[in-house]
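Protein chains in written order, with numbering that gives the first Met the number 0: chain A, 0 to 143; chain B, 0 to 143.
By construction, these hints were calculated from the structure, which means they are not laboratory data. Check the hints yourself; a few may be wrong.
Partner residues aside, some chain B positions facing chain A, computed with beta carbon under 7 Å [to be verified]: (1) 64; (2) 66; (3) 68; (4) 86; (5) 87; (6) 88; (7) 92; (8) 112; (9) 113; (10) 114; (11) 122; (12) 124.
Far from chain A, by Cβ distances over 12 Å, these chain B residues were calculated [claimed, not checked]: (13) 11; (14) 91; (15) 127; (16) 137; (17) 142.
Where is the CB? At the ideal position from N, CA and C, for every residue including glycine.
Here are the chains, one letter per residue:
2 protein chains.
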Amino acid sequence: MKDAPAQPPSFRLHPQLAADTEAVAELPLSTVRLMNDSRFPWLILVPRRPEIRELHELSERDRAVLVEEVALASRVLARATGADKINVGALGNMVPQLHVHAVARFRNDEAWPGPVWGTGERRPYPAAELARTCASFAEALRSA
Amino acid sequence: MKDAPAQPPSFRLHPQLAADTEAVAELPLSTVRLMNDSRFPWLILVPRRPEIRELHELSERDRAVLVEEVALASRVLARATGADKINVGALGNMVPQLHVHAVARFRNDEAWPGPVWGTGERRPYPAAELARTCASFAEALRSA
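Just chain A, same shape as in the assembly (with noise of 0.2 Å):
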């Protein structure tokens, strides 16, 4: 009897961004989560795709679609918020897995003009927003 083949890896979230982040969409490629924080509308893409650190590690194929994703979630947060600057980032340097934030930014939000990562204190939304927030997010990347 031979050896049951041995399975591809599969995509699941870092446990990290599933404890900080709330589920709002599933875009072909990506899976889009709402950061959990009330100072920032912030959205997170993270592409489906196993054991993927960098961008430069994905298909051509998939950072084409990775981008036009990033900046579908960019124009929902521009015209959501009225934003003065959408910051977009893959750092990756406190979890590994491949994951582009878009973070809608405001002249007078406590991080401006810094960036957001490691900034002060994560404050988290009253559930009824949370829920709320992630609801309206996700009608808005139906409807764009």
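Add chain B to chain A, keeping to what the hints say.
Below, chain B alone, put in the same frame as chain A:
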């Protein structure tokens, strides 16, 4: 006599980027510059499109080219430096012209695991090292 037609706006590197960075290479869409900060191996890609502030303001075609150029710069940084992580970001809170950072990060660099933006004081390269570093990245981008 008719008035001369209005000239379309033309691309010009933002003076702050021109002051903080040094020319490395011209890719099909982006001007590549080296951040003149010897603390971090740090490339900046500026799409040569006038009056663009946000990723979602570029055309879809330009975004597909840009993400490949960013992946190229990231791969070159990773190979040249053996970095622990590449950070990619388009912030623009200080300089509104769309530009994308690709930064080689190390677990023992002075900002780890935080972002490089707004951390400490920029430490310019000595002139000869600046020229050598730019030439070396230019060659790596050409031959990648």
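Do the hints match the structure? See the list:
1. 64: For residue 64 of chain B, the interface hint is violated, since the closest Cβ of chain A sits about 10 Å away, which is over 7 Å.
2. 66: holds, 4 Å
3. 68: With Cβ-Cβ at 11 Å, over 7 Å, it is violated.
4. 86: holds, 5 Å
5. 87: holds, 5 Å
6. 88: holds, 4 Å
7. 92: Status holds, d = 4 Å.
8. 112: Holds - the Cβ of residue 112 of chain B comes within 7 Å of chain A, reaching about 4 Å at its closest.
9. 113: holds, 4 Å
10. 114: holds, 5 Å
11. 122: violated, 19 Å
12. 124: violated, 24 Å
13. 11: holds, 20 Å
14. 91: Residue 91 of chain B is in fact no farther than 12 Å from some Cβ atom of chain A, at 6 Å.
15. 127: Holds, since 30 Å exceeds 12 Å.
16. 137: For residue 137 of chain B, whose nearest Cβ neighbour in chain A is about 19 Å away, the distance exceeds 12 Å, so it holds.
17. 142: Given that every Cβ of chain A is farther than 12 Å from that of residue 142 of chain B, nearest at about 16 Å, it holds.
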